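Q: What follows is the residue order along each chain.
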Amino acid sequence: MPEVTEVVLAAWQFTALLLAPLAILAAAAAGLRRLVRRRGVQTEDPDWSVPPLADAGGATLFHRWDIRCKLLTLIVYSFIVASLSRVAPALAAVAVSLLALVLARASWERVLMRLLAISGFMAMLLVIMPLTAPARPGDTVLVIGGVDWIGFNLRGLAKALAIVAKAVAIALLMEPLLTTAPLPVTLHGLTKLGAPDMVGQMVLLSHRYLHVFRHEAERMAAGMRVRGFRKRTDLETLRAVANFLGMLFVRSFERTERVFDAMRARGYRGRFPASAELRMQKADLALAFAWLAIGAVLVAYDRLGG
Amino acid sequence: MHISDGVLPISVTVGGYAASAALAAWSARRTRSEELPKVAVVTAAFFVASLIHVPFGPTSVHLLIPGLAGALLGPSAFLAIGLGLLLQSMLFQFGGLTALGANTLMMGVPALLCGVFFQRFKGRSRRRQSIIGGLAGALGTALAALVLALLLATGGEDFFGVAKIALAAHVPVVVIEGLVSAFTIGFLARVKPALLEPAFVETRKAVHA
Numbered sequence: 001m002p003e004v005t006e007v008v009l010a011a012w013q014f015t016a017l018l019l020a021p022l023a024i025l026a027a028a029a030a031g032l033r034r035l036v037r038r039r040g041v042q043t044e045d046p047d048w049s050v051p052p053l054a055d056a057g058g059a060t061l062f063h064r065w066d067i068r069c070k071l072l073t074l075i076v077y078s079f080i081v082a083s084l085s086r087v088a089p090a091l092a093a094v095a096v097s098l099l100a101l102v103l104a105r106a107s108w109e110r111v112l113m114r115l116l117a118i119s120g121f122m123a124m125l126l127v128i129m130p131l132t133a134p135a136r137p138g139d140t141v142l143v144i145g146g147v148d149w150i151g152f153n154l155r156g157l158a159k160a161l162a163i164v165a166k167a168v169a170i171a172l173l174m175e176p177l178l179t180t181a182p183l184p185v186t187l188h189g190l191t192k193l194g195a196p197d198m199v200g201q202m203v204l205l206s207h208r209y210l211h212v213f214r215h216e217a218e219r220m221a222a223g224m225r226v227r228g229f230r231k232r233t234d235l236e237t238l239r240a241v242a243n244f245l246g247m248l249f250v251r252s253f254e255r256t257e258r259v260f261d262a263m264r265a266r267g268y269r270g271r272f273p274a275s276a277e278l279r280m281q282k283a284d285l286a287l288a289f290a291w292l293a294i295g296a297v298l299v300a301y302d303r304l305g306g
Numbered sequence: 001m002h003i004s005d006g007v008l009p010i011s012v013t014v015g016g017y018a019a020s021a022a023l024a025a026w027s028a029r030r031t032r033s034e035e036l037p038k039v040a041v042v043t044a045a046f047f048v049a050s051l052i053h054v055p056f057g058p059t060s061v062h063l064l065i066p067g068l069a070g071a072l073l074g075p076s077a078f079l080a081i082g083l084g085l086l087l088q089s090m091l092f093q094f095g096g097l098t099a100l101g102a103n104t105l106m107m108g109v110p111a112l113l114c115g116v117f118f119q120r121f122k123g124r125s126r127r128r129q130s131i132i133g134g135l136a137g138a139l140g141t142a143l144a145a146l147v148l149a150l151l152l153a154t155g156g157e158d159f160f161g162v163a164k165i166a167l168a169a170h171v172p173v174v175v176i177e178g179l180v181s182a183f184t185i186g187f188l189a190r191v192k193p194a195l196l197e198p199a200f201v202e203t204r205k206a207v208h209a
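Here the protein sequences line up with chains P and G, keeping their order. Counting with the numbering used here, you get residues 1 to 306 for the letters of the first sequence. Counting with the numbering used here, you get residues 1 to 209 for the letters of the second sequence.
Hints were generated in silico from the structure; no laboratory data involved. Small disclaimer: the values here were computed from a predicted structure and weren't measured. Glycine included, every Cβ here is placed at the ideal spot set by N, Cα and C. You may find that some hints are simply not true.
If you only want the chain P side, here are some residues facing chain G, beta carbon under 7 Å, derived [said to hold, decoys possible]:
hint, residue
1, I80
2, S83
3, F249
4, V250
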């Protein structure tokens, strides 16, 4: 069995090796953030806007795909991608997802927002895993001359890279999955696939009220700013934030009571009328099979290639 | 912190889904069916609350509020948290689609425990409710961090370092969360104490009947 290979580097080389990818990632994240933020008004809070999950309008392959087929195929495919273990197949999955994005004519801005959301967790994995993965026989470890408590394990790096690629591949698929049909239709499809009726309804209601409460919170935050409130690291800020939260809860609970009474007055008995009629054709099934075949190829590549 | 796609072993993601589905079904049964819309609306409020960032030195942390959710919603909290995380995943990609089950367990189980803890020890006085609420808030976040570390550690010893650092990163969040929860519960005890009663959903039922 081959021993652990140690490659000795000078301290500055080691540091550069660590900092270079970090710097690139940080720059990319900052660039993305600026890109996203340029449109909105500058505020203290990172981003209040709730991105809509609506049909952008279009007639691509994904828009025409039967919702049940689309949901089932892409969810199963996501799990297949999540089960990959090597870097190369995971990168291939990213390529497939990029192709899907182009086919679905997804909004690049929203795709970038999604990538930004996972960038923190991914950066943490990329930095920590190479440094903490224990050396096993056959590994290559980069070490600083004379320092033995820290080493840069290339196997850990490969593992982290595979995870990042898998996460990106699945995140990229979310836009084609969720925005190529209106949300009620997507949820209707989910119900048809066997999810409890109540899940669809509750997601729909929560999604609706998200916007209402976000608006409420924005107004309250604006009021606090006008009165001179600035966020700092101190107890007073925490107290103000807590009161803000409490007020948000009180108002939303009260609003809920009224909305619920109004819904019942209009005959709500725990169910909404069905929103759309679904038709499945051969082409839908063919696309589903083709897509899952791609997944099978990826798994085969993953298992056999190593 | 939410777990992204592709981090956990596939068996853990599927197991997480199964366990979450079972707990969510239990949670839904404990909630009266016509009142599910109410839970949905409260979910939206918690969702918005979790977007609030609190400055911490040069960086900022966002509130997780599993403890508060448990204290306010009781058994329905698990359902509300599962829904909230589903929406966060759909809208913002906070937490991956495949890791949704695991993420729901990570936040939902602490919420249930905190709910029991809060209702059992909250007592009568406002001061005591505030303190117990703060403890519940801190406990909820600490438990969530612990579950996160355990889930990450299922990936094998390569993930132990990541798990330890994730755990350490939550220490300031636990403190902030505890303080904010204490103040919030104190505020609610002053402004609308009915919200802190055991399963406020039940008390409303009596009024409607």
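Q: Could you tell me which of the hints above the structure violates, numbers in ascending order?
A: 1
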